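> Combine both chains into one complex, guided by the hints.
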Amino acid sequence: MRVLRVPCTGRIDYMMVLKALHKGADGVIVSGCHPNDCHYTSGNYHARRRWMVFKKMMEVMGVDMRRITFSWVSAAEGARWAQLVNEVTDQVRALGPYTEFRQVIGAGIE
Amino acid sequence: MEAVIQRAKELLEQGEVKAVLGYAKGTGSARRPHFARQAGQLDKLVMDEACVQNLAVYVTKHEVKKLGKVAVVALPVTQRAILQLMAERQLRDGSLAILAVDDGAVKELDSASALEEHLALKAQVLNAKDKASLADLEAMDQGQRWAYWQKELSRCMKCYACRNTCPMCYCDHCTMDCNRPQWVPVASHGIGNLEYHMVRTMHLAGRCVECGDCGRACPVGIPVHLLTIGAEETVHELFGQRAGHKAKLDYALSTFKTDDKESFIR
Ligand code: SF4
Ligand code: SF4
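Same order as they appear, the protein sequences are chains A and B. Per my numbering, the very first residue in the first sequence carries number 1; after that it's consecutive. Per my numbering, the very first residue in the second sequence carries number 1; after that it's consecutive.
FYI, nobody ran anything at the bench for these hints, they're computed from the structure. It should be emphasised that the depicted structure is a prediction, and the values quoted were computed from it without experimental measurement. Incorrect hints may have been included.
Below, computed lysine to any residue pairings styled on SDA-like, alpha-carbon distance capped at 20 Å [what the hints assert, rightly or not]:
no., chain 1, residue 1, chain 2, residue 2
1, B, Lys257, A, Lys19
2, A, Lys19, B, Gln90
3, B, Lys261, A, Lys19
Computed Cβ-Cβ distance ranges for the label pairs, DEER-style [said to hold, decoys possible]:
no., chain 1, residue 1, chain 2, residue 2, range
4, B, Asp141, A, Ala107, 20 to 30 Å
5, A, Gln103, B, Asp103, 48 to 58 Å
6, B, Cys178, A, Asp37, 26 to 36 Å
7, B, Ala3, A, Val6, 53 to 63 Å
8, B, Tyr251, A, Asp90, 38 to 48 Å
9, B, Gly26, A, Thr89, 26 to 36 Å
10, A, Val6, B, Glu13, 50 to 60 Å
The C-beta atom is built at its ideal place from N, Cα and C for all residues, glycine as well.
So that you can see chain B by itself, here it is in the shape it has in the complex (with noise of 0.2 Å):
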């Protein structure tokens, strides 16, 4: 950590950069961003393993990019995400000064391209714990996977922290809030719910980062992460592309192959 916040600060204070976005201690043992625009909030910042969350929300927020060229304590997950909306064309290249943490070093990165070239350089894997649930869920029958989502999906009150949290959704008119014409119930009852998530994983199906913070983030428990990472392994191996890895757009569905195989299609 000292060393982050030594590069942080010589940044910040040379007015390399407006701001430092890293994370701070929270309730309890949980950890916060942190946003420091001035050296002596710096201190503040802490680095441990209960850092998880996945900062790059922050950074296509419009009150963020008005404050310019921000530095951001960026785990994989958070490089990844940036990668990502550095390919959509959300984030400029050259906005942010990465300082990317990975297993206790410290790599500054500043533009799309050494991204590119630093998260190559390790392959991503998923946590065990997520993979274990999602064998589970492959392992069920159709009726065992309908009650399963229903039961769950039943505590969903729309509060819309999924989305919220997710850094690769960033659109400022979500069509959950379109109402002409309103393709999704607005109301958290069955259907409404059901849709709701099927659209949320569709739109994250080749763009979803793997970070978690959507299951992480709701109030009630429920395992939202599976249907999105679930759909980026799925994009994974059928099309062999992963979200977050390259400078240039590389989204699955936007492309094809004339030789994409399935077996259902009559």
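Just chain A, with the same shape it has in the complex (with noise of 0.2 Å):
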């Protein structure tokens, strides 16, 4: 697992998302602190807006859905969050490499 850390999930663009998959990430996770209690004020609001329309999106695409993972995890749960990645390490473990992905990133580069 690789952390990639922002300032606030209002930073986190979707774009990010794509490149982990790019990258040869088999899953992905989106994090950050609870609605209502953001350093910024409303940062995560916005972003919430945006993971639905992106989510809906990826799904259009034919994207595994199962291998993006968004979740509220503060920096004060420590225990939740380290729940959560052992989780989702074992859920993405269990479906094994995303092959369809990453026969994109190699179709038609010669």
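Here's what the structure looks like:
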């Protein structure tokens, strides 16, 4: 697992998720502080809307959304974070490598 | 059509507008955009069912803005695009004389508020064909959708016709052309195409006026409009907002409600 730290959920560009998949990640966790708990007041409310639209777009494209997990976990919830990471890692391991996506990464490149 | 030409002629002759933008006969049965800068060039204007292009794509161009006030023969999709462009501050309110042509009748609108009122009179309905295609996509399972889009997008050669024809894609410096950092590969290989279309869809969600021009522009017939129109419909379902209906910016992704409902965030 590789952690990419950003200052706020509002900073999570959906391109980061796409790049993670592009770089060969088999699963991605997108996470940040709970709604109403944002250091920057409304970053996560904006993020929530973006995730809602992004998730639907990815579904329409046919991306396997079992590989992308969205969650609210704050910096004060160490135990919850550990549990989430363990769960997701097990889940992604069970799914195996994301071969469908990896085929596309190689497609058309001579 | 007579009424539009008559009114356009008056506007041009009285010097109220510097040019009239409408449709003229193109190759075969196709229609092409036509700029008339003198009254004598107005006879070429035509108006029939073959006139489908969203002409709003031209009015944000620097060359056209430089002309001064322009009259635009505007279908409902063009009206929506112009209103959205005004809300996004890409067009100055009052910089166009909009000759709204809906169901044969002509109405002159020259401000964002007049457009908003006019558009509020009739509900926006998605055409039956696109609606059916979206339903077909919805009915597929994840693997089928992936296979469908991979097959379609494999023909994409990144000519960017879909981007360039879209009235809402007006940025001088598109993120697709940025190479520092380069988020999306320029090549039209598998991942380059996939990421391009994902980004285009995200940039148009909540801003697409559902004209379908992107799909029509594609030289290899990829139904890319289903992605953007689909995303626009999603935004409408989720947040109740629609592009091209408000004079004041009403972009779903730049606002939020504290009780926005979703069921997938753990
Ligand atoms: S994305 Fe396509 S359908 Fe939507 S406004 Fe642009 S050209 Fe029209
Ligand atoms: S118009 Fe068609 S071929 Fe050209 S970039 Fe768009 S989808 Fe690709």
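> Find the hints from earlier in the document that the structure breaks and name them by number, from lowest to highest.
As far as the earlier hints go, 1, 2, 3 and 9 are violated by this structure, in ascending order.
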